[in-house]
Amino acid sequence: MDGLAHQIVAGIATGGIYASVALAIVMIYQATHHVNFAQGEMATLSTFIAWSMVQAGMPYWVAFFATIAVSFAIGVVVERILIRPVANAPVLTMVGVFIGLLLIIGNATGWIFGYTTKVFPSPFASEKPLFGGLVSAHELGSTAVTLTVLTLVWAFFRFTKLGLAMRAAAYNPRSARLVGIRVGWMLALGWGLAAAIGAVAGMMVAPVVFLDPTMMLGILLYAFAGALMGGIDNPAGAVLGGFTVGVLENLAGAYVVGTELKLTVALAIIIGVLLVRPSGLFGRVVFSRV
Amino acid sequence: MLGRRQVLAGAAAALAAPAVARAEDAVGVTATEIRIGNTMPYSGPNSAYGVIGRTEQAFVRMLNEGGGFAGRKINFITYDDAFSPPKTVEQVRRLVEQDRVAFLFNPLGTPTNNAIQRYCNQRKVPQLYVATGADKWGNWKEFPWTMGWQPSYRTEAQIYAKHLLAERRDFRLAIVFQNDDFGKDYVAGLRDVIGAERFDATVKTASFEITDPTPDSQILSLQGTGADVLMIALGPKAAAQAIRKTHDIGWQAQRYLTNVSLSVGAVMQPAGVEKGVGIITSGYLKEQGDAAWRDDPGMNEYRAFMKQWMPDGDLHDSNTVYGYALGRTLQQLLTQCDGNFSRENVMRQAASLRDVAIPVLLPGITLDTGPQDYRPIQKMQLQRWDGRSWVRFGGLIEGAEV
Chain S
1 MDGLAHQIVA GIATGGIYAS VALAIVMIYQ ATHHVNFAQG EMATLSTFIA WSMVQAGMPY
61 WVAFFATIAV SFAIGVVVER ILIRPVANAP VLTMVGVFIG LLLIIGNATG WIFGYTTKVF
121 PSPFASEKPL FGGLVSAHEL GSTAVTLTVL TLVWAFFRFT KLGLAMRAAA YNPRSARLVG
181 IRVGWMLALG WGLAAAIGAV AGMMVAPVVF LDPTMMLGIL LYAFAGALMG GIDNPAGAVL
241 GGFTVGVLEN LAGAYVVGTE LKLTVALAII IGVLLVRPSG LFGRVVFSRV
Chain L
1 MLGRRQVLAG AAAALAAPAV ARAEDAVGVT ATEIRIGNTM PYSGPNSAYG VIGRTEQAFV
61 RMLNEGGGFA GRKINFITYD DAFSPPKTVE QVRRLVEQDR VAFLFNPLGT PTNNAIQRYC
121 NQRKVPQLYV ATGADKWGNW KEFPWTMGWQ PSYRTEAQIY AKHLLAERRD FRLAIVFQND
181 DFGKDYVAGL RDVIGAERFD ATVKTASFEI TDPTPDSQIL SLQGTGADVL MIALGPKAAA
241 QAIRKTHDIG WQAQRYLTNV SLSVGAVMQP AGVEKGVGII TSGYLKEQGD AAWRDDPGMN
301 EYRAFMKQWM PDGDLHDSNT VYGYALGRTL QQLLTQCDGN FSRENVMRQA ASLRDVAIPV
361 LLPGITLDTG PQDYRPIQKM QLQRWDGRSW VRFGGLIEGA EV
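Protein chains in written order, with UniProt numbering: chain S, 1 to 290; chain L, 1 to 402.
FYI, nobody ran anything at the bench for these hints, they're computed from the structure. Be careful, since some hints might not be right.
Said to hold, decoys possible - Calculated Cβ distances over 10 Å to all of chain L for the following chain S residues:
1) Ile17
2) Gly57
3) Ala89
4) Gly110
5) Val119
6) Thr151
7) Leu178
8) Phe210
9) Ala254
10) Gly272
To be verified - Chain L side only, calculated, beta carbon under 10 Å to chain S, not exhaustive:
11) Pro45
12) Thr214
13) Lys245
14) Ile249
15) Ala253
16) Gln288
17) Asp368
18) Gln372
For glycine and all other residues, C-beta sits at the position ideal for the given N, C-alpha and C.
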């Protein structure tokens, strides 16, 4: 029984990692209706920026918020310069641009900062693991951060005028423009916010998986799975999806099929869910008249 | 009138006599140079290894300054493959078909060498002293043109098993291994020595995919089996996570660690230096940081080489020590070839190293090969992490004969 509790808690801890990245994916989908494949690489770059600031002697939390601001700016710039010109291009063009972005940012990060593994500090460091080694202070702290970000995102879309405008711009650009919303800037804002959330995710992930340019490669796959399972247009669903994938994967590996097939089983369950509920557990069903 | 036999004998003698003349026709060998090919990850995630290629280039410059071999200079052609097997195939084809190199020397990486092994053996191009520890490079029967250099992962695991059996009568062993050639060699090596029956009955294993973000779940499962010895056969990043996790959950197992992941900067420091105290791994090269070699003549030769030929290199990087050792191996090989650089002779000489001393190998370790022994180094010494550095202990241990 002790083992089961350990597996579940460890699953929640890795699930928290997936959840925070899934949240960034959902964010950009909310704002633009695209899935950004370069999300992970952008988050890694942000984390390296934070790392440089901490190395330069900045206190952690100053670096934390400065990184969020810088990442927001990078997100806006990327949208303005790279995405805007192809905004009306076919989906495949967008996919091409996203993959190009992934390669460019990934390799540039490696070129600038090198490929050696770096240690990233955690603000929640404690000398001893808590609850008899069940969970570390960082795991607890980063889960709290993820949930805080989730609450902020939810409140932003639900209660602010800007949030409403962004939703409108994503769902129906033409009507939004007619009621006076500057759709172009709403998209840029969406990119900025997604990049900022990605930065938070990166800074929470890095103390666990260590910082290097390929840090997010594996995580992004799980985050996609989590986002799809929860519903790609529902932030809370995506976060829950992320946690679920983490726990499912551990339980499948430890008790059902062994470590070799644990990912397979987790993904099979997700496909099962999507077959029954194509828009995810908490996704909105969208009807369109043809 | 000459008999048929005499004619044949005469012809054979004419062909055999001037060995040097024949070498002129050998692929990759001209009157002035010997072309040798190599691939390295100079870019990409594994570019830290690229320094091995740079050290070898520096070594070749030194050999050429010294006059080369049999009047010929070495033209060491080394290309970047970014550790990507398709790129390795492309670059090796270029080396063999366009550059027409005599042989390949120390191409780096297990998946990358896998990708070119069949090609090299079909074309009968020596694929020599590959920079990977997989056990398969010792398979002289099936792949007579491919040879490894460093102790294989399987040999290393056999050495840990020998130590374990000598230390404890009763133990419950658990293994967490990367699910590929590298990780599986450790399972195989431990099984070799512990014995199939006992291994299958008592040892618990858990595989780790390189796409897994952490090995935490595997560590928890293995702890749950009640094991008191843990073999960590994971790459650097996952190894650091495993060391941290085993410590954090308070699992008091004797930990053995693959020497692929013994880096202080990339593994022990990220994991937390105090969390790894007591871990056992193994080595075969001297380390710049080891106080025992402060005035060692062998290491002094290495330091002098670095100072003159690679002034910007990092003396403490074990990759430069490795590159230097390979440079010395190349020197020995070409000297042994004695002017005949045909592919057949290069391969023959590569497989007849006898007690070759390399100054940066630990005392007592030499290179030895034979037509049926494609594993040049088979001895290692154990070392234990004391919280600051690796401390060698015990004598040399040799891998098992399987």
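Right, here's what the structure says about each hint:
1. Ile17: Check fails; 6 Å does not lie beyond 10 Å.
2. Gly57: holds, 19 Å
3. Ala89: holds, 30 Å
4. Gly110: violated, 7 Å
5. Val119: Nearest chain L Cβ is 5 Å from Val119 of chain S, so the label is violated.
6. Thr151: holds, 25 Å
7. Leu178: holds, 45 Å
8. Phe210: violated, 5 Å
9. Ala254: At roughly 5 Å from the nearest Cβ of chain L, Ala254 of chain S sits no farther out than 10 Å, so the non-interface label is violated.
10. Gly272: holds, 21 Å
11. Pro45: holds, 5 Å
12. Thr214: With a minimum Cβ separation of about 6 Å from chain S (threshold 10 Å), the hint on Thr214 of chain L holds.
13. Lys245: Status holds, d = 9 Å.
14. Ile249: Holds: closest Cβ of chain S sits about 4 Å from Ile249 of chain L, inside 10 Å.
15. Ala253: With Cβ-Cβ at 14 Å, over 10 Å, it is violated.
16. Gln288: violated, 18 Å
17. Asp368: violated, 34 Å
18. Gln372: violated, 35 Å
Going down the numbered hints, you'll see the structure goes against 1, 4, 5, 8, 9, 15, 16, 17 and 18, while the others check out.
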